[in-house]
Amino acid sequence: MDLLEHAGKRVLAAHGVNVPVGHLAVDVERAVAAGEAVGYPVVVKAQVPVGGRGKAGGIRVADDPGELAAAAEAVLGLSIKGHVVRKVWIEEALTASRELYFSFTFDRAAKAHLGMLSARGGVDIEQVAEESPEAIHRFHVNPLDDFSPADAVAAVDAAGITGDAVEPLVELLVLLYDAYVAEDADLVEVNPLAVVADGRVLAMDAKVVLDDNAAYRHPGWEEWRDLEGLDPRERAAREKRLTYVGLEGSVGVIGNGAGLVMSTLDVVAQVGGKAANFLDVGGGASADVITAALEVVNDDPAVRAIFVNIFGGITRGEEVANGIVEALGRVDLRSPIVVRLDGTNAGEGRAILAGHESDRLVSRPTMLEAARTAVELAAS
Amino acid sequence: MLLTRRRAARHERPGRPLHECSWRRSRVSILVDRSTRVLVQGLTGSQGRFHGLRNRAYGTNVVAGVTPGKGGTDVDGIPVFDTVAEAVEATGADASVVFVPAKAAAAAVIEAGEAGVALVVCITEGIPLHDEARAYAHLTRTCPGTRLLGPNCPGVISPGKANLGITPGEIALAGGPVGVVSRSGTLTYQALHELTRQGIGQTTCVGIGGDPVPGTGFMDCLRLFQADPETRAVIMIGEIGGTDEEAAAEFIRDEMDKPVVAYVAGVTAPPGRRMGHAGAIVSGGKGGAAAKIEALREAGATVVLDPTELGSSMAAVLR
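In the order they appear, the protein sequences are chains Y and C.
Here the first sequence is numbered in this note's numbering, starting from 1 and rising by one per residue.
Here the second sequence is numbered in this note's numbering, starting from 1001 and rising by one per residue.
The set of hints was computed from the structure by calculation and includes no laboratory data.
Just so we're clear, the structure is a prediction, and the values are computed from it rather than from any experiment.
Where a beta carbon is used, it is the ideal one built from N, C-alpha and C, also for glycine.
A few of these clues could be false.
What the simulated footprint calls covered on chain C by chain Y, stretch by stretch (three residues with Cβ under 8 Å from a Cβ of chain Y suffice, anywhere in the stretch; the number is not a length) [as the list claims (entries may be wrong)]:
{"hint": "1", "segment": "1115 to 1127"}
{"hint": "2", "segment": "1303 to 1317"}
Straight line, CA to CA, 20 Å or less: simulated SDA-like cross-link-like pairs of lysine to any residue [to be verified]:
{"hint": "3", "chain 1": "C", "residue 1": "K1258", "chain 2": "C", "residue 2": "Q1226"}
{"hint": "4", "chain 1": "Y", "residue 1": "K81", "chain 2": "Y", "residue 2": "G57"}
{"hint": "5", "chain 1": "C", "residue 1": "K1258", "chain 2": "C", "residue 2": "G1201"}
{"hint": "6", "chain 1": "Y", "residue 1": "K111", "chain 2": "C", "residue 2": "P1229"}
{"hint": "7", "chain 1": "C", "residue 1": "K1258", "chain 2": "C", "residue 2": "P1229"}
{"hint": "8", "chain 1": "Y", "residue 1": "K240", "chain 2": "Y", "residue 2": "R225"}
{"hint": "9", "chain 1": "C", "residue 1": "K1103", "chain 2": "Y", "residue 2": "N298"}
{"hint": "10", "chain 1": "Y", "residue 1": "K274", "chain 2": "C", "residue 2": "L1305"}
{"hint": "11", "chain 1": "C", "residue 1": "K1103", "chain 2": "Y", "residue 2": "G220"}
{"hint": "12", "chain 1": "C", "residue 1": "K1103", "chain 2": "Y", "residue 2": "G57"}
{"hint": "13", "chain 1": "Y", "residue 1": "K274", "chain 2": "Y", "residue 2": "T243"}
{"hint": "14", "chain 1": "Y", "residue 1": "K111", "chain 2": "C", "residue 2": "F1251"}
{"hint": "15", "chain 1": "C", "residue 1": "K1286", "chain 2": "Y", "residue 2": "E130"}
{"hint": "16", "chain 1": "Y", "residue 1": "K81", "chain 2": "C", "residue 2": "G1279"}
{"hint": "17", "chain 1": "Y", "residue 1": "K111", "chain 2": "C", "residue 2": "T1243"}
{"hint": "18", "chain 1": "Y", "residue 1": "K55", "chain 2": "Y", "residue 2": "A110"}
{"hint": "19", "chain 1": "C", "residue 1": "K1286", "chain 2": "Y", "residue 2": "R108"}
{"hint": "20", "chain 1": "C", "residue 1": "K1258", "chain 2": "C", "residue 2": "R1297"}
{"hint": "21", "chain 1": "Y", "residue 1": "K111", "chain 2": "C", "residue 2": "E1246"}
{"hint": "22", "chain 1": "Y", "residue 1": "K111", "chain 2": "C", "residue 2": "G1145"}
{"hint": "23", "chain 1": "C", "residue 1": "K1103", "chain 2": "Y", "residue 2": "V181"}
{"hint": "24", "chain 1": "C", "residue 1": "K1103", "chain 2": "Y", "residue 2": "M1"}
{"hint": "25", "chain 1": "Y", "residue 1": "K274", "chain 2": "C", "residue 2": "A1137"}
{"hint": "26", "chain 1": "Y", "residue 1": "K240", "chain 2": "Y", "residue 2": "K274"}
{"hint": "27", "chain 1": "Y", "residue 1": "K111", "chain 2": "C", "residue 2": "R1297"}
{"hint": "28", "chain 1": "C", "residue 1": "K1286", "chain 2": "Y", "residue 2": "A110"}
{"hint": "29", "chain 1": "C", "residue 1": "K1103", "chain 2": "Y", "residue 2": "E222"}
{"hint": "30", "chain 1": "C", "residue 1": "K1103", "chain 2": "Y", "residue 2": "K81"}
{"hint": "31", "chain 1": "C", "residue 1": "K1103", "chain 2": "Y", "residue 2": "A182"}
{"hint": "32", "chain 1": "C", "residue 1": "K1286", "chain 2": "Y", "residue 2": "E134"}
{"hint": "33", "chain 1": "Y", "residue 1": "K55", "chain 2": "Y", "residue 2": "D124"}
{"hint": "34", "chain 1": "Y", "residue 1": "K274", "chain 2": "Y", "residue 2": "R241"}
{"hint": "35", "chain 1": "C", "residue 1": "K1103", "chain 2": "Y", "residue 2": "E130"}
{"hint": "36", "chain 1": "C", "residue 1": "K1103", "chain 2": "Y", "residue 2": "Y216"}
{"hint": "37", "chain 1": "Y", "residue 1": "K55", "chain 2": "Y", "residue 2": "E29"}
{"hint": "38", "chain 1": "Y", "residue 1": "K81", "chain 2": "Y", "residue 2": "P232"}
Construct the complete structure from the given sequences, taking the supplied hints into account.
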């Protein structure tokens, strides 16, 4: 789960990380009230789940209520990389004397946590990484070990950061690691990490990505679930616990396993079609899950044909076939279904489907043939 | 009945130390074989029972199950123990397949490592990242004789010999000469299916799993296949994300003389919604399907763009 800036900051603040004072607002009136509470000057920041807000006009400074009202008016409703701004974060405007970059994430290659610290934080950090990778100090933390103040001192030193900021920075890095681990985060990134005039070091922005697999031990996360930014199709799928990504084409794709579904998109493209979505029903999908998946895909008006591509391991063929048959009875499917079924109990599954074969339900023996049929049906 | 079974198990392997790393010994196939003694963690659950019994029906030497609180019972004649240590002590199991639910799976993996199990195959998906990272680090630090495969993987099958996990055994063909290593579960089955249709057998098929902390990676498997006299060629199936395929490409270029046929899923995958810069800084432009395909081609691998071509392409390579 990607947290918006305001939620990320609240998570970090709960672990003792310094963040600027701020309030959330959903309209101009509440934005002005938030400005009074925060004290001028303030920054109005669009709350969207993508980067590049500043360059898109989603971050503005206001010195008084009039300016704040105008800024909030301009930012609310703005579309940033396809995300309409529905919330703004009104925050005290602070002047940074130095802007640093810091993040904790997991490094697949090293199989350890990776910390990255740079004295050259700010909007161009990816450019810094490309042009002068040595300007970003990288260090690993074994998942079994603590990240101690001594480790933080070493990291700060290696990043070439000196002066009065060192002490508060060291304290902050330790707190950020605590937050990263305790909150089951995939990513904690602060850019910029600002040193301000009074010597404090604050998280001026916060990108926190929480691990959905750990949601069961964090009941508080429900509060952060910001569904407003989601595509309505993705929202419906999430409610049914399916992995869904909406795309632009007309062939609805349902499969088991991320690799197979990705591969299905590739094969559909190869035979000249375009997938309407990515939908992974996961391992061991039952008839109910298959029915739910068909419902979600069927609700997409752009879908003209549905390609169900199942290669069974933990998913059993007869369960998939039963789900399809059940869905045919339960849901008014607008589009024909093309099924390719193989693997565990595929014979049983195919036998079930054979009893229901029609122009609305077609079975094909291979992935390529099924993709061709689905693309033809979608075009007809 | 149970007692007889346990005594018989002990009797078969007198004096063999529990911590011996059986996968390192020279064998006909890599990782597992007919003699591998398998315990199933979570055998009494629905997935564990279904696949554990399927594995046994395939011919795998399934000697025990482990479910805390169910010790002393049995699943279709397979004795169940409360702990892995008890199961190992009683049956001499040297490999484990984990079907334990995600909340408890990391602890189950650690338990197997501490009990001296040489190969732990974790099928469970949905394990929290930090649990997975700690379990891997724990095994590395304190159980160096244990190899972890997975989590979130289909397991390992040496056709005709042993099947540990959820791979449908009937789609595999015994006799070699092709080794398969894959990050994607379902595409692994696809590859086996295509090879079998071509009449090409497999030595061993390893699903390394798609999670962020795979216990065994492409390179580990490629190294094992390169050293395995029965394996003449290898199929490798990658996915977008991470840089493991790029690292594997370097290994293929520098250290392999056996031919490799590769497929990478996700050429048309939409770029994931990405927050933050850390991912981009770490990958430095790598990680996309195109970069992986190029790296593999440059390393001398044959790359196919459709997974159903894996079989025919391998047939051409072997000719």
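Hints and how they fare:
1. 1115 to 1127: holds (count 4)
2. 1303 to 1317: holds (count 4)
3. C:K1258 - C:Q1226: holds (7 Å)
4. Y:K81 - Y:G57: Within the cut-off at roughly 12 Å; holds.
5. C:K1258 - C:G1201: holds (16 Å)
6. Y:K111 - C:P1229: violated (30 Å)
7. C:K1258 - C:P1229: holds (11 Å)
8. Y:K240 - Y:R225: Answer holds: Y:K240 to Y:R225 is near 15 Å, not above 20 Å.
9. C:K1103 - Y:N298: Not satisfied, since the Cα-Cα distance of roughly 33 Å exceeds 20 Å.
10. Y:K274 - C:L1305: holds (17 Å)
11. C:K1103 - Y:G220: holds (18 Å)
12. C:K1103 - Y:G57: violated (43 Å)
13. Y:K274 - Y:T243: Holds - the C-alpha atoms of Y:T243 and Y:K274 are around 19 Å apart, at most 20 Å.
14. Y:K111 - C:F1251: holds (19 Å)
15. C:K1286 - Y:E130: Distance ~12 Å between C:K1286 and Y:E130 Cα, so the pair holds.
16. Y:K81 - C:G1279: holds (19 Å)
17. Y:K111 - C:T1243: OK: Y:K111 and C:T1243 at ~12 Å, within 20 Å.
18. Y:K55 - Y:A110: violated (34 Å)
19. C:K1286 - Y:R108: holds (13 Å)
20. C:K1258 - C:R1297: holds (14 Å)
21. Y:K111 - C:E1246: Answer holds: Y:K111 to C:E1246 is near 16 Å, not above 20 Å.
22. Y:K111 - C:G1145: Measuring from Cα to Cα gives roughly 18 Å; hence the hint holds.
23. C:K1103 - Y:V181: holds (16 Å)
24. C:K1103 - Y:M1: holds (18 Å)
25. Y:K274 - C:A1137: The hint is violated at about 42 Å.
26. Y:K240 - Y:K274: With a Cα-Cα distance of about 24 Å, the restraint between Y:K240 and Y:K274 is violated, given a limit of 20 Å.
27. Y:K111 - C:R1297: Not satisfied, since the Cα-Cα distance of roughly 26 Å exceeds 20 Å.
28. C:K1286 - Y:A110: holds (16 Å)
29. C:K1103 - Y:E222: holds (19 Å)
30. C:K1103 - Y:K81: violated (36 Å)
31. C:K1103 - Y:A182: holds (16 Å)
32. C:K1286 - Y:E134: holds (18 Å)
33. Y:K55 - Y:D124: Answer holds: Y:K55 to Y:D124 is near 11 Å, not above 20 Å.
34. Y:K274 - Y:R241: violated (24 Å)
35. C:K1103 - Y:E130: Violated. C:K1103 to Y:E130 sits at ~39 Å, over the 20 Å cutoff.
36. C:K1103 - Y:Y216: holds (9 Å)
37. Y:K55 - Y:E29: violated (25 Å)
38. Y:K81 - Y:P232: Holds. Y:K81 to Y:P232 sits at ~17 Å (cutoff 20 Å).
The structure fails to meet hints 6, 9, 12, 18, 25, 26, 27, 30, 34, 35, 37 from the earlier list, while all remaining hints are met.
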